[in-house]
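Chain Y is fixed; fit chain B onto it per the hints.
Taken in order, these protein sequences are the chains called Y and B. For the first sequence, this note's numbering assigns the number 1 to the initial residue and increments by one for each residue that follows. For the second sequence, this note's numbering assigns the number 192 to the initial residue and increments by one for each residue that follows.
Not one of these hints is a red herring.
Taking beta-carbon pairs under 8 Å as the criterion, some of the chain Y residues facing chain B (in silico):
id, residue
1, Pro40
2, Tyr74
3, Ile119
4, Thr172
5, Ala174
If you're looking for bench data, these hints aren't it; they were derived computationally from the structure. Glycine residues also receive a C-beta, built at the ideal position from the N, C-alpha and C atoms.
Chain by chain, the residues run as shown.
Number of protein chains: 2
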Amino acid sequence: MLTPGHDETTSEPDLWRLVERRTVYEGRFVQLYQDVLEGPAAPEFYEHVRVADGVRVVALDAEGRVVLVEDQFYLPQRRMLHLPGGGIEAGEAPALAAARELAEETGWRAASWQPLGSIHPLPTSTAARTHLFLATGLTAGSVHRDATEQYMTVRQVPLAEAVELVRSGVVTEAGSVTALLLAAQSRPSGD
Amino acid sequence: MLTPGHDETTSEPDLWRLVERRTVYEGRFVQLYQDVLEGPAAPEFYEHVRVADGVRVVALDAEGRVVLVEDQFYLPQRRMLHLPGGGIEAGEAPALAAARELAEETGWRAASWQPLGSIHPLPTSTAARTHLFLATGLTAGSVHRDATEQYMTVRQVPLAEAVELVRSGVVTEAGSVTALLLAAQSRPSGD
Numbered sequence: 001m002l003t004p005g006h007d008e009t010t011s012e013p014d015l016w017r018l019v020e021r022r023t024v025y026e027g028r029f030v031q032l033y034q035d036v037l038e039g040p041a042a043p044e045f046y047e048h049v050r051v052a053d054g055v056r057v058v059a060l061d062a063e064g065r066v067v068l069v070e071d072q073f074y075l076p077q078r079r080m081l082h083l084p085g086g087g088i089e090a091g092e093a094p095a096l097a098a099a100r101e102l103a104e105e106t107g108w109r110a111a112s113w114q115p116l117g118s119i120h121p122l123p124t125s126t127a128a129r130t131h132l133f134l135a136t137g138l139t140a141g142s143v144h145r146d147a148t149e150q151y152m153t154v155r156q157v158p159l160a161e162a163v164e165l166v167r168s169g170v171v172t173e174a175g176s177v178t179a180l181l182l183a184a185q186s187r188p189s190g191d
Numbered sequence: 192m193l194t195p196g197h198d199e200t201t202s203e204p205d206l207w208r209l210v211e212r213r214t215v216y217e218g219r220f221v222q223l224y225q226d227v228l229e230g231p232a233a234p235e236f237y238e239h240v241r242v243a244d245g246v247r248v249v250a251l252d253a254e255g256r257v258v259l260v261e262d263q264f265y266l267p268q269r270r271m272l273h274l275p276g277g278g279i280e281a282g283e284a285p286a287l288a289a290a291r292e293l294a295e296e297t298g299w300r301a302a303s304w305q306p307l308g309s310i311h312p313l314p315t316s317t318a319a320r321t322h323l324f325l326a327t328g329l330t331a332g333s334v335h336r337d338a339t340e341q342y343m344t345v346r347q348v349p350l351a352e353a354v355e356l357v358r359s360g361v362v363t364e365a366g367s368v369t370a371l372l373l374a375a376q377s378r379p380s381g382d
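Chain Y on its own, in the form it takes in the complex (with noise of 0.2 Å):
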């Protein structure tokens, strides 16, 4: 038994190791394994799913105003308010798949861009990791959406009230909901 309010150290445990995995679904867009591993209290195996790896840009203008994008979501039923981003293409850099999105979806290009880090959205399912960015120096230009994304508008709000609208759980998106608040933290000002 442990008793909380200590500090716990540990001895740096070996990790399970992958003894074979099998390919159990190889579609378009997600494949899912199962990892027979070894090691200590290992399971007889482990499943997860690979997805590609995703970018999310706050596009932050002169004014202090963040571009927000709206679509169609399959899985949750209903219209999602997110940052412009999606899925890395196979070899693609983060960095170029987030100019690539912000383009293709808002029309906005941006002069100067700052990593504000990565996430696991899912550490247990999935490896995949969203790739956060922040995007200053605007110039408007041509969208260039493809059929699935017919339906999108793009807006901008304040930095501040994008925040808000993530605390209201208006914006609920992981890497949409960490970026916007990494953003506004560095820029307490904006409001």
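Frame of chain Y, contents of chain B only:
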């Protein structure tokens, strides 16, 4: 072609409608489906996975310190520092799962629970949500970890230090990141 810089409006279009759900895989922790859809620009089918909804808890003591746990994660192949939490069991309310996970992993019980909302970690791949809570009025109790958590360690750090662990990329799990940033934002005097 759309010109950015102006807010767009669109009438609410029909969402894709489910015609048939094919079960591709039913595992212990992951289920994978192909949903056959109808509607504008619908794909032949939509691949998605079902995993349990999750919970994460910011357990804040009277001195403004939060409880962090560190454990090994198989997929990122490293130890990760994160908030107490885990998967919601079948039929379990999120708030009860949060209290259960906090107690099991850290021993702490909380007198007061405040919801911090919920996020969609990967809304294009799964409908799963992670529910976030702020717990205060802490009292110590015994720890009950399962076999896979035998290398888990617990520590307490000031909330402002936990936020720095987010900003520096040490804490990357989406629910932990979001809950810590939300808690810090509503208690800006905490540092």
